[in-house]
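Trainee: The residues making up each chain are set out below.
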Amino acid sequence: MSALTPTDVRMFLKDYLGRKLEADGRGAGEDLPEDCDLLLSGMIDSIGLLELVAAIQEFVGCEIDFEILDPEEMTIVGPLCRFVSEQVSKRG
Amino acid sequence: MSESSQSEGQRSRRVEDCRGDFEEVSRLIERSWAENTQQPLLYPADFLSSCFEYPGAGFSLAPSIYSGSTPLAFAAAFPRRVLVKGRELNVVIITFLTVAIELKKRGYGILLWSELVKRAQAAGFDGMVNYCADGESMNSMILGCCQMLQLPTVLAYTIPYWSRILQARMVENTEAEPSADVAERFLGLTGPIAKQTPLARLWSRKEAEWQCQRRFGSLVAESESGSRRGMLVGYIMPIANASRTKCLIVEDVLWGDLEPQERDRLAKVLLDRAASAGVQMAVVPRLGYADLAPFHTARFRPSQRVLHMYLTVWNGEPCTEALSSVYLDVF
Numbered sequence: 027m028s029a030l031t032p033t034d035v036r037m038f039l040k041d042y043l044g045r046k047l048e049a050d051g052r053g054a055g056e057d058l059p060e061d062c063d064l065l066l067s068g069m070i071d072s073i074g075l076l077e078l079v080a081a082i083q084e085f086v087g088c089e090i091d092f093e094i095l096d097p098e099e100m101t102i103v104g105p106l107c108r109f110v111s112e113q114v115s116k117r118g
Numbered sequence: 007m008s009e010s011s012q013s014e015g016q017r018s019r020r021v022e023d024c025r026g027d028f029e030e031v032s033r034l035i036e037r038s039w040a041e042n043t044q045q046p047l048l049y050p051a052d053f054l055s056s057c058f059e060y061p062g063a064g065f066s067l068a069p070s071i072y073s074g075s076t077p078l079a080f081a082a083a084f085p086r087r088v089l090v091k092g093r094e095l096n097v098v099i100i101t102f103l104t105v106a107i108e109l110k111k112r113g114y115g116i117l118l119w120s121e122l123v124k125r126a127q128a129a130g131f132d133g134m135v136n137y138c139a140d141g142e143s144m145n146s147m148i149l150g151c152c153q154m155l156q157l158p159t160v161l162a163y164t165i166p167y168w169s170r171i172l173q174a175r176m177v178e179n180t181e182a183e184p185s186a187d188v189a190e191r192f193l194g195l196t197g198p199i200a201k202q203t204p205l206a207r208l209w210s211r212k213e214a215e216w217q218c219q220r221r222f223g224s225l226v227a228e229s230e231s232g233s234r235r236g237m238l239v240g241y242i243m244p245i246a247n248a249s250r251t252k253c254l255i256v257e258d259v260l261w262g263d264l265e266p267q268e269r270d271r272l273a274k275v276l277l278d279r280a281a282s283a284g285v286q287m288a289v290v291p292r293l294g295y296a297d298l299a300p301f302h303t304a305r306f307r308p309s310q311r312v313l314h315m316y317l318t319v320w321n322g323e324p325c326t327e328a329l330s331s332v333y334l335d336v337f
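Protein chains in written order, with my numbering: chain R, 27 to 118; chain X, 7 to 337.
Chain R extracted, bound-state conformation (with noise of 0.2 Å):
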């Protein structure tokens, strides 16, 4: 996948936790803000975070080495999805 942008991971973003979060009972969140924390806010929890790398590389169809990403932008909705995308768009 190339040409992949913030705002593409973002939906994927929306629509994968939207569906976790009424699979989970707790009704689909409406928004997503750039700074939404998603594991401060509840969205998910260490396991979630775990299955959303998963979730995020199976979309992409790449490996994605997250441990160049900074700890504390992990969970923060902006950061990453521009990571996610520049990352995807790298590898061309």
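Simulated from the structure, these hints should not be mistaken for lab results. Quantities reported herein were computed from a predicted structural model and do not represent experimental measurements. Heads up, a few of these hints could be off.
[Said to hold, decoys possible] One side of the interface only, derived from the structure: several residues of chain X facing chain R at Cβ under 8 Å:
hint, residue
1, N42
2, Q45
3, I171
4, I245
5, N247
6, S282
7, Q286
8, S309
9, S330
C-beta atoms are modelled at their ideal positions from N, C-alpha and C, and glycine is treated no differently.
Since the structure of chain R is provided, determine the placement of chain X on it from the hints.
Mentor: Here is chain X on its own, set in the frame of chain R:
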């Protein structure tokens, strides 16, 4: 000790010792705990079995209720020797309190827990530790239950956790496995903690051997730099999710006299070794007895999991106030 009287309405069920049927007990725990608000660990039969191999552990401290050959309720207590504000105490950690889904809210949990307290008292222990997850029903009941049995109990410590995810990878050099005398070095490193920590676990050599070598999933990383030495000990457990994600629980953070960079490197050795074993999640409870900066450097961040540690001392002067730090295993 194998039977006890039952309250009204529970006469058809009798409390007996665990039969050592760990596969069945493991399944009971998994099914029952699946209703918890937080994703629990999976406690395989091998893990449960190894818990009962801990020196001093036994089925008399594991009251259970059966229907035929099927366990319906289970609880266990494991002995620990601790130093509490300079006083040596033999306590039990009460854990694995489990009731089959179909029997929940009928008083079996309280029945087993009370039975376990009675058994621990009769066996001569000085007190007990109960861990309750924040948000779970037992956390709102524990002080009342202790009061009911006139057991002086204090919320001794609230335990936040740090966690990080690990991407599965093969690490070329995970360094040599610890050598045979690891227990001796472990004892040397844990000794000083007891002098600095209000509640600290004390170890015998056999216990140290269990911790480092015999416990199910045990993982040890050591560092030696000149005369300086440090060690990290944890264990690997599956999480009770669909993919059985492997999780490293870091238990003994023994920096010894390592320099900061050496501590960072030791944390990396542990994580590399865990990743090589397929671990995808690592957690460390923040108990206050050790510097956790190297774990922050290693990308650990606060998780939402919080446990509360309740300390009961029934023999002699009770503990009446919260502690500033603790060194004890957390279930």
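Trainee: At a threshold of 8 Å, is the proposed contact between S330 of chain X and chain R supported by beta-carbon distances?
Mentor: Since chain R brings no Cβ nearer than about 26 Å to S330 of chain X, farther than 8 Å, the hint is violated.
Trainee: Should the hint that Q286 of chain X touches chain R count as held when the rule is a Cβ pair under 8 Å?
Mentor: With a closest approach of 6 Å, the Q286 of chain X hint holds.
Trainee: Holds or violated: is there a CB of chain R closer than 8 Å to the CB of S282 of chain X?
Mentor: Where the cut-off is 8 Å and the nearest Cβ of chain R is about 15 Å from S282 of chain X, the hint is violated.
Trainee: Quick one, is the N42 of chain X hint okay against chain R at 8 Å, beta carbons?
Mentor: Violated, because the Cβ-Cβ distance from N42 of chain X to chain R comes to roughly 12 Å (cut-off 8 Å).
Trainee: Is the interface hint satisfied for Q45 of chain X? The criterion is a beta-carbon contact with chain R at less than 8 Å.
Mentor: Result: holds, 5 Å to nearest chain R Cβ.
Trainee: I171 of chain X was flagged as interface toward chain R. Is the shortest Cβ-Cβ separation under 8 Å?
Mentor: Holds, because the Cβ-Cβ distance from I171 of chain X to chain R comes to roughly 5 Å (cut-off 8 Å).
Trainee: Against chain R, is S309 of chain X within 8 Å by beta-carbon distance?
Mentor: 5 Å, holds
Trainee: Against chain R, is N247 of chain X within 8 Å by beta-carbon distance?
Mentor: For N247 of chain X, the interface hint holds, since the closest Cβ of chain R sits about 6 Å away, which is under 8 Å.
Trainee: Under 8 Å, Cβ to Cβ, is where I245 of chain X needs to be relative to chain R, so tell me if that hint holds or is violated.
Mentor: 6 Å, holds
In terms of the numbered hints stated before, the structure departs from hints 1, 6 and 9, listed from lowest to highest.
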